[in-house]
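Please work from the sequences and hints to get the whole structure.
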Amino acid sequence: MKSVKKLEIVTVSVELPRILERFEKRGVEGYTIIREVTGKGKRGLQDGDELTDVFKNSYLMIACPEEQVNEIIEIVRPIIKKYGGICLVSDAQWILH
Amino acid sequence: MKSVKKLEIVTVSVELPRILERFEKRGVEGYTIIREVTGKGKRGLQDGDELTDVFKNSYLMIACPEEQVNEIIEIVRPIIKKYGGICLVSDAQWILH
Amino acid sequence: MKSVKKLEIVTVSVELPRILERFEKRGVEGYTIIREVTGKGKRGLQDGDELTDVFKNSYLMIACPEEQVNEIIEIVRPIIKKYGGICLVSDAQWILH
Amino acid sequence: MDINIIASNILNPQILFYFLGVAAVVLKSDLDIPQPLPKFFSLYLLLSIGFKGGVELSKSPLNDSILFTLLAAILMAVVVPIYSFLILRTKFDVSNSAAIAATYGSISAVTFITASVFLQRLGMEFSGYLVAAMALMESPSIIIGLILYRLFTSGKSMEEFSWSELIREAFFNGSVFLILGSLIIGSLTGASGEESLKPFIDEIFKGMLAFFLLDMGIVSAKRIKDLKNAGGFLIAFAILVPLLNAALGIGLSALLNLSEGDAFMFTVLCASASYIAVPAAMRLSIPDANPSLYVPMSLALTFPFNIIVGLPLYQSVINLLWS
Amino acid sequence: MDINIIASNILNPQILFYFLGVAAVVLKSDLDIPQPLPKFFSLYLLLSIGFKGGVELSKSPLNDSILFTLLAAILMAVVVPIYSFLILRTKFDVSNSAAIAATYGSISAVTFITASVFLQRLGMEFSGYLVAAMALMESPSIIIGLILYRLFTSGKSMEEFSWSELIREAFFNGSVFLILGSLIIGSLTGASGEESLKPFIDEIFKGMLAFFLLDMGIVSAKRIKDLKNAGGFLIAFAILVPLLNAALGIGLSALLNLSEGDAFMFTVLCASASYIAVPAAMRLSIPDANPSLYVPMSLALTFPFNIIVGLPLYQSVINLLWS
Amino acid sequence: MDINIIASNILNPQILFYFLGVAAVVLKSDLDIPQPLPKFFSLYLLLSIGFKGGVELSKSPLNDSILFTLLAAILMAVVVPIYSFLILRTKFDVSNSAAIAATYGSISAVTFITASVFLQRLGMEFSGYLVAAMALMESPSIIIGLILYRLFTSGKSMEEFSWSELIREAFFNGSVFLILGSLIIGSLTGASGEESLKPFIDEIFKGMLAFFLLDMGIVSAKRIKDLKNAGGFLIAFAILVPLLNAALGIGLSALLNLSEGDAFMFTVLCASASYIAVPAAMRLSIPDANPSLYVPMSLALTFPFNIIVGLPLYQSVINLLWS
Ligand SMILES: Nc1ncnc2c1ncn2[C@@H]1O[C@H](COP(=O)(O)O)[C@@H](O)[C@H]1O
Ligand SMILES: Nc1ncnc2c1ncn2[C@@H]1O[C@H](COP(=O)(O)O)[C@@H](O)[C@H]1O
Ligand SMILES: Nc1ncnc2c1ncn2[C@@H]1O[C@H](COP(=O)(O)O)[C@@H](O)[C@H]1O
Ligand code: NA
Ligand code: NA
Ligand code: NA
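These protein sequences, in sequence, are chains F, V, E, W, L and U.
By this note's numbering, the letter at position 38 of the first sequence is numbered 38, and the numbering carries on one by one without gaps.
To get this note's numbering, take the position in the second sequence, counting from 1, and add 97.
To get this note's numbering, take the position in the third sequence, counting from 1, and add 194.
To get this note's numbering, take the position in the fourth sequence, counting from 1, and add 291.
To get this note's numbering, take the position in the fifth sequence, counting from 1, and add 614.
To get this note's numbering, take the position in the sixth sequence, counting from 1, and add 937.
One or more of the hints may lead you astray.
List time: in silico DSS-like cross-link candidates among lysine-lysine, alpha-carbon distance up to 27 Å [as the list claims (entries may be wrong)]: (1) 250/E - 275/E; (2) 234/E - 196/E; (3) 153/V - 519/W; (4) 196/E - 103/V; (5) 319/W - 250/E; (6) 42/F - 25/F.
I should point out that these hints are in silico values taken from the structure, not numbers from a laboratory.
Written out as structure tokens, the structure is:
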């Protein structure tokens, strides 16, 4: 059992490759993605009904040591700023196997 | 960074429009939906295999200030009571951009 | 309102039936599943692009009383060990209806 | 009836693909047809049968005999749930009785479609307005079921319930809407529309049906184990009530002087039970009824009984009586 | 123009399925065609129209007249967004003006495909290279829109933006890529390829189009309420600019001496507006423009206007002028 | 062999769509065919090829020569993984050697299907029982691979492993089950079934294959970069072992006195490697083998090699020897 931080990020699916590329460079080693979530926020409804994938959001969950949180935030912040989204941080215990 | 509450709700997909309508009225400004989750609870298995969408559940995540939690709960409680589901509340930090 | 533990598990979809069978036996009464999540971990990228479902992961969320946590962990741990995955535990409040 | 007709029906590729789906579940194969592919097949089948029915309608003008048949169809959709409810109430509570009754008052479009292929193999035809009859029979039992539920449940506060919602759900649910809409489009465009869509809605039709029945086999076999909850009474109900309804259907067809093909299709409508539209409506309007009773009864018993035994049985009885 | 032609166009089953989709939303039916089925239909349509265009191309060699038409197509794709931008700037900010202008400078493949079925009903033909023209017209307006945006927005730091990304998005986005690719494959394989794929890409084509237009009806009707945000000016723009573009298209067709069928298809290209490729590119490259303006304008106004009123209108004008 | 045959094979629309998919990845187009559409195409292809094979079977009675061919097929499926394992063990650990060996001992249904279209273009035919041979060749190598793994891994506790699971996975996995099931249905329904399903399983077949190969192009191109991990030895293995297997296949075909078309299809089976069923089974039963070796080898090298170079190569060799 290890104390970690859990980040939950919702943002545009099309920017995901770029985010993941930067994760790669910065040594973010694990993440889970749920594609095509819908929702609503400051930029209005994203109901996934569009004919193009560009309007779709993805949900990204990352469990990481506390020290890495800031680095990850700096990667996603400009994208959330430009295209919208949300980033939550909370505490969790990682069960080691 | 802002302390918020995170609500996680699982309930029947068909009642979602009604829930969201009430969110609109009460000023709930943001939420994320994952459609077609499966699962099990008091009402047995919901394995998404049905030929109709009526048996499908959705997962709803809402980050909101503590003051709004009760209002949201009162919106979803009767629906969970009637059709089943679950509502969890936990703490999180919202990373502002 | 009841204090519960929230488990979040990501592991291979094909082992899910076996996990759920054991949940059944041990009296784990509720869970929610999100199928076909993608992600990355120690075993590399799982991008869901494979032609077979065997490479796909699922996300499993369980709200349970603290006493049950260990039992559940013992069920999923060998599977995560063999096929990969992650198991997080955190605190939450269950809103009773 | 001749056992050979059942045997020859079973050798339909469509029916065999249904069995293949069942076998996949029994033998624990991981064969699976993921959503929304089954939805695609069912939308396709509804659109096609609706459109073809409409085209046929456009060829033969409405007349009294057609009108009477449509009325008879609605009558059956109203009467069947009422007497089903009375039978069920001898053993079950109000909510389950109402939900099951509604299920058996309605129809199964896929059974109807499979029957149309069965008929075609025999070289027989049926009239387009029976598709209209099918669409008209889908919804009334939802309303009847709910009225029964309300009447027999004291203390249910009426206000929390939205009738307008229910009526919309009953008459504008996706499948009714698509059949009716395609029927209207077919009747408006007639022969020219038929020519333009024929390869899509006609030629690949039987293949799409085979594919869909493969899925139906998988889905219904998965539901079979739920029948344990149902018990002997409901299992008997799921076979005998369709037979009774078929008998009524044959009687009405004779009264209405329907052609042999039309009598067969009308009978199939009467004998079939809903496993999509009505269960969906019941889940919403009678949430305390148990879906693991009414869904598997109709899906895992009545549906396969009808397409395997029912079709040849009804056909040979009608053939005997009509000739 | 004859109102009868509109009426007869409306009786196309494809157009009627579009209306059925609209009706489903208006009557609050839960009829819905879940993803990725609409994606399947649209991939299918792009692949088929591209391939058929390619096969036609392989039959008639490239010549000057074809080259001039292709140049005219590109010219329209460059000029339309520029003057649209100037019109829009009288009322809107730079980002929204640029995004809407780009939308109207590009084309709609589904409008083109619907037009091809319309033409076929009239017993007329068009040349394969118009499919190439369609592919060529999709992308330029994306670049033009972005150049306009950059020129008129002071203080935008150029460095944060990746032109290579944009050009890739403009020229290699899925739909352009699939049309062009299928066009090339069609022209390489010619008649033998045509024979091998004909039942798939030709015979079931109109049915697949009907299915897709059913979905388009649903999707566009859901967007109609967004038009409230748009206001009278944009609503007028969404009808009048396509008409103006159609007029220009007819003029150019006359200059280029196109056949009646080719003139019609070229005009339809000019009159149509993008609701997939360009909105996608704008969302990424001009994120501060409001998608709930440019998407519903093109999808819920210009698209239905073109397929319902536009097709018969343009055809009768051309027929008048050409004869 | 004649380079012209390769060139003419490449001009098959199906092969060209494969290249189009590859090009989409290379040029970073966002063209993509989302699940479950590829699943739909592959289910369709398996069902169709199985059914057609069954119908052919029903026309020609089983005889000794057929039986010997089926035995030869099983023999290849057992022998190939064994010698592949021995070759691989010179460079790799037991688990990876066993997994790759199993992959090459099995077959690729899509390669077989593409070969059937190739043969048809040449105006040649093959016998239905080769579809049965294909189904029989899918699974044995899974068992062999696992036995090898167990034999050569000391200290593996046998109890934690479920053989019944494995055998079910090997023989009842979705694709084997669907091919075998459709084969049986086809042979039971024979000519009458064929007539009823022909437009669905036959006429649109080549189009569905083209669509699926477009997806295969995308998926396999994405896997190409994984080949870096594989290194020269495995890359050579992925080309040379199929060639060796093809040679064995041709030899056996001669011994068995097969017709030219049958020899070709049998050879293609021997030369092909699995990228769906076996990798799935290996992932579960040998989890410590590295999927980013055995998947891209078979999917991104052997598969395209076979459909592009292999088909014309094998055919011309057989043509040379047989005439
Ligand atoms: N308060 C919130 N709670 C949950 N999800 C949110 C919230 N705000 C925004 N989102 C998600 O982030 C997406 C983009 O948000 P925005 O950029 O604010 O429009 C929305 O479509 C939601 O899926
Ligand atoms: N303890 C739990 N943990 C996670 N999800 C649950 C739990 N209980 C119920 N759910 C979810 O809520 C749905 C409806 O629950 P119920 O109404 O109890 O049948 C289930 O199908 C699950 O998806
Ligand atoms: N640190 C992490 N944060 C979020 N998800 C993870 C993490 N590590 C692993 N996962 C998920 O678990 C799957 C299997 O992980 P692994 O066995 O480490 O390859 C990955 O594909 C991810 O979906
Ligand atoms: Na009935
Ligand atoms: Na235009
Ligand atoms: Na092989």
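Consistency of the hints with the structure:
1. Between residue 250/E and residue 275/E the alpha-carbon distance is near 16 Å, which keeps this suggested pair within the 27 Å criterion.
2. Taking the CA atoms of residue 234/E and residue 196/E, the gap is about 34 Å. The hint is violated against a cut of 27 Å.
3. Among the hinted pairs, residue 153/V with residue 519/W is consistent with the structure: their alpha-carbon atoms are about 23 Å apart, no more than 27 Å.
4. A hinted pair counts as satisfied when its Cα atoms are at most 27 Å apart, and residue 196/E with residue 103/V qualifies at roughly 16 Å.
5. Of the pairs offered as hints, the one joining residue 319/W and residue 250/E holds, with about 19 Å between alpha carbons and a cut-off of 27 Å not exceeded.
6. In summary, the hint linking residue 42/F to residue 25/F is not supported, as the alpha carbons are separated by about 31 Å, beyond the 27 Å threshold.
Hints 2 and 6, counting from the list given before, are not met by this structure.
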